[in-house]
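Number of protein chains: 2
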Amino acid sequence: MNPAVSAKIDDYFETQRERVDRELDQVLPGEDTDPASVHRAMRYSVFAAGKRLRPILCLESGNLLGAEERPLLRIAAALELIHTYSLIHDDLPAMDNDDFRRGKPTSHRVFGEAVAILAGDGLLTLAFEIIAAPGPIPAERQLRLTNDLAQAVGTRGMVGGQVVDLETTGSSTDPARLEFIHARKTGAFIRASVRAGALAAGSSESDLGRVSCYGEKMGLAFQIADDLLDVLGSRERMGKAVHKDGAHRKPTYPALYGIEESQRIARRLANQACEALTCYGGRADRLVQIADFLITRQF
Amino acid sequence: MNPAVSAKIDDYFETQRERVDRELDQVLPGEDTDPASVHRAMRYSVFAAGKRLRPILCLESGNLLGAEERPLLRIAAALELIHTYSLIHDDLPAMDNDDFRRGKPTSHRVFGEAVAILAGDGLLTLAFEIIAAPGPIPAERQLRLTNDLAQAVGTRGMVGGQVVDLETTGSSTDPARLEFIHARKTGAFIRASVRAGALAAGSSESDLGRVSCYGEKMGLAFQIADDLLDVLGSRERMGKAVHKDGAHRKPTYPALYGIEESQRIARRLANQACEALTCYGGRADRLVQIADFLITRQF
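As they're listed, the protein sequences go chains A and B. With the working numbering applied, the first sequence corresponds to residues 44 to 342, in that order. With the working numbering applied, the second sequence corresponds to residues 44 to 342, in that order.
Rather than coming from a laboratory, the hints here were simulated on the basis of the structure. Everything numeric in this text was worked out from a predicted model, so none of it was measured. Heads up, the beta-carbon is just placed ideally off N, CA and C, and yes, glycines get one too. Worth double-checking, as some hints may not be accurate.
[To be verified] Which bits of chain B does chain A cover? Going by a derived footprint, with three or more residues having C-beta under 8 Å, they are:
1. 80–92
2. 131–138
3. 155–169
4. 178–190
5. 207–216
Start from the sequences and build out the full structure, keeping to the hints where you can.
Take a look at the structure:
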């Protein structure tokens with residue numbers, strides 16, 4: 044890609060990230076709100092420099108299908124709250140036992156395990172409070188969006204993926220089980236983030252089907268890219284311990300298919316994701332750019 | 044109370060509990076649903092013999108104000124899922140570190156900490172999935188109910204109460220802080236359970252105000268009664284460790300006011316709760332009976 048074009052795209056996504064961050068600042072209780080410890084812990088993890096991938100996917104899919112800006116941004120922020128809750132709980136000593144995340148000590152290292160667990164619980168609950176808050180979107184749409192999202196992040200989605208991931212760590216796995224884990228642990232929520240934008244827009248079932256297909260392929264491609272970064276990345280760039288997956292014998296694509304084949308699979312999935320949006324032509328450029336960014340990113 | 048009347052009331056509430064349990068069995072994924080471990084853990088804690096107080100409060104308030112039976116029962120079941128999630132997380136080693144609950148080993152003792160945390164997360168998420176599922180209740184009502192409930196169990200309600208409870212344990216407290224803890228940790232959710240029935244019925248704001256008042260007073264009375272049982276109850280009856288609050292220097296009403304004054308406060312609150320329902324006459328009998336049961340119960 045032409046460097047000037049690439050810089051312009053980066054600027055665009057930086058602007059979107061800032062919009063999401065301002066919205067997150069609005070929806071989160073202040074650091075002094077009683078009880079302060081849990082609200083400080085919630086803000087600490089939410090503002091620990093994430094990519095805001097899920098909110099941005101929601102915004103772009105909503106923009107593509109004509110959703111109203113203000114309520115769309117609110118929903119996008121709720122997605123990041125859910126993502127942050129999942130990271131706080133995944134990092135706990137009883138789970139992945141991680142001391143660092145995005146270059147900063149993890150929540151339980153700073154606030155203790157009890158407050159970290161409750162900060163996660165509080166973020167998940169706040170997300171549903173926000174998504175169900177009265178607003179300009181017709182109630183039927185909001186309700187379907189809430190139900191859709193809860194399905195994606197529950198035990199038949201993200202939480203279930205984390206369970207199987209933990210149970211599979213340290214033992215060998217087969218391709219079907221690995222895809223099961225990735226599709227649930229990361230894929231279901233990324234798919235739901237793209238769908239959230241479409242549902243907020245009140246899109247037709249065929250539009251919803253297309254962006255769901257994009258989200259599903261993208262979700263899997265993203266997780267494979269993440270596995271690859273763990274093997275190829277450096278601690279400085281990633282801000283967390285790398286080469287951990289191998290040391291813990293986590294089930295990953297590079298471990299099962301090797302690096303080059305994993306790269307090919309990720310590229311193929313990203314292409315399939317973008318093909319699902321062909322009928323929108325240039326209007327889907329942002330979503331195509333995100334797919335491209337995700338499989339070429341170095342951090 | 045006449046023993047024959049009392050036995051008839053017991054039969055009635057036993058029937059209600061059984062209805063709630065059948066509904067819970069329907070909404071929870073089966074024990075063999077992949078990943079089985081987390082679904083087994085969810086069912087283990089949900090079916091560990093609870094009183095089903097929150098579902099029954101929701102059913103009775105909904106009945107009083109004319110809610111439709113089927114969707115009301117679904118909402119009632121969701122309340123019990125949230126209650127169970129809160130118990131699983133509260134019992135964790137990093138929190139209250141309890142080995143027994145309702146006479147059975149706690150979730151983390153049976154399934155390990157990781158699965159216990161994820162079972163809690165899964166139950167909370169499933170509750171919102173169910174409450175936001177498409178159904179016969181108008182979407183506006185369902186949405187308001189979802190938002191109302193999320194507020195009650197988040198960091199400005201139940202989760203916040205648990206944070207302050209943990210932070211206050213072991214240090215002295217004053218009456219205002221104690222009421223703050225109890226009103227949030229138990230009161231907000233009990234109030235929301237009564238409100239859920241009214242919101243499902245699409246009740247007027249004045250009806251909603253009356254049952255909210257009942258719920259608020261009842262929530263506090265219930266927690267004081269619980270504190271008293273910890274001092275007066277026996278391990279056999281309670282099925283969990285008693286006299287724990289004193290040993291851990293938990294903030295409680297008996298510790299601050301003494302046993303007799305605490306009993307007087309609980310009775311006064313229960314009376315105030317029932318007075319809020321005077322205008323309904325005999326139609327509110329079930330809710331009055333629940334108030335009476337809660338402050339005279341021995342378990």
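Against the structure, the hints:
1. 80–92: Coverage by chain A holds here, the residue count being 4 at a Cβ distance below 8 Å.
2. 131–138: Check passed, 4 qualifying residues.
3. 155–169: This one holds; 12 residues, not fewer than the three required, reach chain A with a Cβ under 8 Å.
4. 178–190: holds (count 8)
5. 207–216: With 3 residues in contact (Cβ-Cβ under 8 Å with chain A), the coverage given for the segment 207–216 of chain B holds.
Violation of the numbered hints given earlier is absent; every hint is satisfied by the structure.
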